[in-house]
Every structure is written in structure tokens, then in C-alpha cells.
Amino acid sequence: MGTLTGVLPLPRFGSKVAAKSRVDYQNTPEGALVSRAQAGDEAAFREIVERYQSKVFSIIHGIVRQRNDVEDIAQQVFVKVYVSLRNFDFRSSLITWIYKITVNECFDFLRKRKVRKLVYESDLSEDEVRRVDNSEPAVDRQVPMDATLARRDYVVKLLTRVSDEERMLLMLKEVEGFSVEELAEKTGLNENTIKVKLFRARQKLVKAAQRLDRAPGLVTG
Amino acid sequence: MHAVVKASLEEYLSGTLEPAGKRGIEAHLSTCEGCREELAGMQDLSQLFGSLLSEEAMEPPPGFCARVLQEVGGRQPVPSFAGLFSLDLALARRLVFACLLTLAVLGSYLVVREGEYPGSLSPEAVMAQQNYPAFDSEHGQDNMLVTLAAYDEP
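So the protein sequences, as listed, match chains L and A. Numbering-wise (the numbering used here), the first sequence opens with residue 238 and increments by one. Numbering-wise (the numbering used here), the second sequence opens with residue 5 and increments by one.
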């Protein structure tokens, strides 16, 4: 038995784990807040909403731009956070998890809006489509008023060609400005894994951009 | 893209790569058209992401939080399957260690017990067994021979 205890590392009863880990995050004040919300504490969930609502609104506004839609999407984000919170496993930080949900909801919204418009138009005759086009604000077809909007539309279109996770990593890196080390801390992923995922995502964006430049109709969002 | 560029790509794109690393990459790019083109494409796209930043702060309207709470009030959170079996990680580690320790103690006990009892009979006891009807068979005689051959003097 003495030999065995020499081989097996004894768990340090009552001592803190030094490495950054899920358990560490769970023991932080934010981790405790999430645990309370997961247990059904409404006050804890309200605190989460109040803490992150401004950030969520900023993220959505950056992608979607139409102010009328931002609140609707933000509401959907927090509903999804509420419904899925018990599946949050503390592997990443809460804000990273909410960020991913927010970005996905934005892209789902943009995709559904485009599909709805196409379906609606296909039910009408050619004359009726032309009449509709002239009367309603053609948000998707209107030429962007400035270069920023044009660039935004372009990069949004390209970002539909990568996975949810790749999209989140790219946005955290490029839009939020986090380093690879910071991303590793926030997502719980290994730094090399993050570098590989980012590299593959960038390759996909470059290929999508080449296709789009050759034939604008090919890359659909 | 070659490894010399790929390894420090993120730092190079964000402009945070240390000068020595940057010189190494640029030295490679001066001789490798493939890497140069691929990197240029990635740099161009990297600059587009700034358009996704919201220039103006958009604050939630008053009452937004209350509306969210009203919306979720009628909804049930999705129960987590894993949560049904979840254990605190520290407790789980202690339980695993306790199980291993128990197995080790049990195993040691069985090994010690095995040693206390000789596994074979003395030659005299074996020879006495040959009078039994069961030992008239070829199988019984083979067993007797094996037992005698394996016998160790205590």
C-alpha cells in the first residue's frame, strides 16, 4: 500500500486547485451567480440580463444595424440563455457563451429574413413583385449608403460560410480584439486548437471571397 | 501556407508579433508567392471586421429586462441530462481515489491470504488419494502427477 500511495497522487483535501479550470470558474462570484440562476433563482437571472444587456445590444447592432430589430433579437437571445442555462458547463466564461448565442441569433435572423422575402416574392406575379419592390423599403437590395455598410454586408455574407464556433472565434479575435491567450482563457480551448480553428476559418473566408468576387450570386447568406 | 507563417499568423495579423518573428515571416514571404497571396487575402478580410463594430452605443430601452422576465416566466428551462448525474468535481476525485484505495487493500488482502494456504497437498496425502475411485481414471492420475510435480516443500 505504501508503494501504491507513492504512485497515485493523493487529492489535496481542502486545498485550492491552482490551474485555471472549470472548477475555478464555478467558484468565482460570477460562477456562483450562474449556479444560482441554473437552480431557478429569478433574481440571479435578472442580474445576468442587467449585467450583459448593453453588450448584447452592441453586438447585435454591429451586425444587424436596423434598430427596430435589435431589441427583438436581444429578447430572443436572453430567452435562449434562460432556456439553455442548465446546459452551460462552465468550460467557457458566461459572456463568451452569451456572445456565441447572440452572434448565432443575428445570423439566424438575417437568414430567415432573406428566406421570408424570397418566399413571399415567389408567390407573386412578375408585375406584383415589381410593384412590391418599388413600394416597400428594399432593405436587402438597396445599395448601402456608405462604404462601412457595404463592408459590413460583405463580411456578414462571408461569415455565413463558416461554422458557428469559427464565426464566434473570428469575431472575438477581430471585432472584440482578444489575443489567442485571452481566447483560450475565455473559451476553455487550448491555444493551438484556437490557432488551428482560426486558420481554417480564415481559409474558408478567403475562398468564399474569391467565389463571391467571381460570381456575386453564388455565395448566399 | 507554410508553417513559418502559420505558426505566428494571428500575432502577425494583429500586429503584435515581436520584431524577430516578423522579420522571419517577411523573409519567407519575399521568396514564397503562395504564402504571400494567401496572407494578403487574409489581411484584406481582417480589415473588414471593423465594420461589425457598433460605432454608437445602443443602450437597451427602459423596461427591457422586465419584458425578458415576462417572456421567460412561462417557459421551462431545458433540464440537462448530464446534470442528473453531475457531481462536484472535487467530490468525484475523492470518490475515485477511495474506490482505488479499497481495491488496492482488497487485492493486497487476497494476495496475502493466497500465500498463507499452500496450494498443494503433501506427497503422502496425494498418494493416499489414489485409493479413491476417482483417481483410477486417466484424468485423475494425470492430476496426481501434476500435483506431485508442482509440490514445493514449505
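A couple of the hints might just be wrong.
Simulated pairs of lysine-lysine, DSS-like, Cα-Cα distance not exceeding 25 Å [said to hold, decoys possible]:
hint	chain 1	residue 1	chain 2	residue 2
1	L	Lys351	L	Lys444
2	L	Lys317	A	Lys26
3	L	Lys423	L	Lys349
4	L	Lys444	A	Lys10
5	L	Lys337	L	Lys351
6	L	Lys394	L	Lys292
7	L	Lys434	A	Lys26
8	A	Lys26	L	Lys337
9	L	Lys394	L	Lys434
10	L	Lys423	L	Lys444
11	L	Lys441	L	Lys317
12	A	Lys10	L	Lys423
13	L	Lys434	L	Lys423
14	L	Lys349	L	Lys317
15	L	Lys349	L	Lys337
Keep in mind the hints are simulated off the structure, nothing from the lab. Only a predicted model underlies this, so the values are computations on that prediction, with no experimental measurement involved.
Hints versus structure:
1. L:Lys351 <-> L:Lys444: Measuring from Cα to Cα gives roughly 23 Å; hence the hint holds.
2. L:Lys317 <-> A:Lys26: violated, 43 Å
3. L:Lys423 <-> L:Lys349: Violated: Lys423 (chain L) and Lys349 (chain L) sit about 30 Å apart, past 25 Å.
4. L:Lys444 <-> A:Lys10: holds, 17 Å
5. L:Lys337 <-> L:Lys351: With a Cα-Cα distance of about 21 Å, the restraint between Lys337 (chain L) and Lys351 (chain L) holds, given a limit of 25 Å.
6. L:Lys394 <-> L:Lys292: With a Cα-Cα distance of about 23 Å, the restraint between Lys394 (chain L) and Lys292 (chain L) holds, given a limit of 25 Å.
7. L:Lys434 <-> A:Lys26: holds, 22 Å
8. A:Lys26 <-> L:Lys337: violated, 32 Å
9. L:Lys394 <-> L:Lys434: holds, 19 Å
10. L:Lys423 <-> L:Lys444: violated, 28 Å
11. L:Lys441 <-> L:Lys317: violated, 28 Å
12. A:Lys10 <-> L:Lys423: holds, 22 Å
13. L:Lys434 <-> L:Lys423: The given pair, whose Cα atoms are some 15 Å apart, holds under the 25 Å limit.
14. L:Lys349 <-> L:Lys317: Holds: Lys349 (chain L) and Lys317 (chain L) sit about 17 Å apart, inside 25 Å.
15. L:Lys349 <-> L:Lys337: holds, 18 Å
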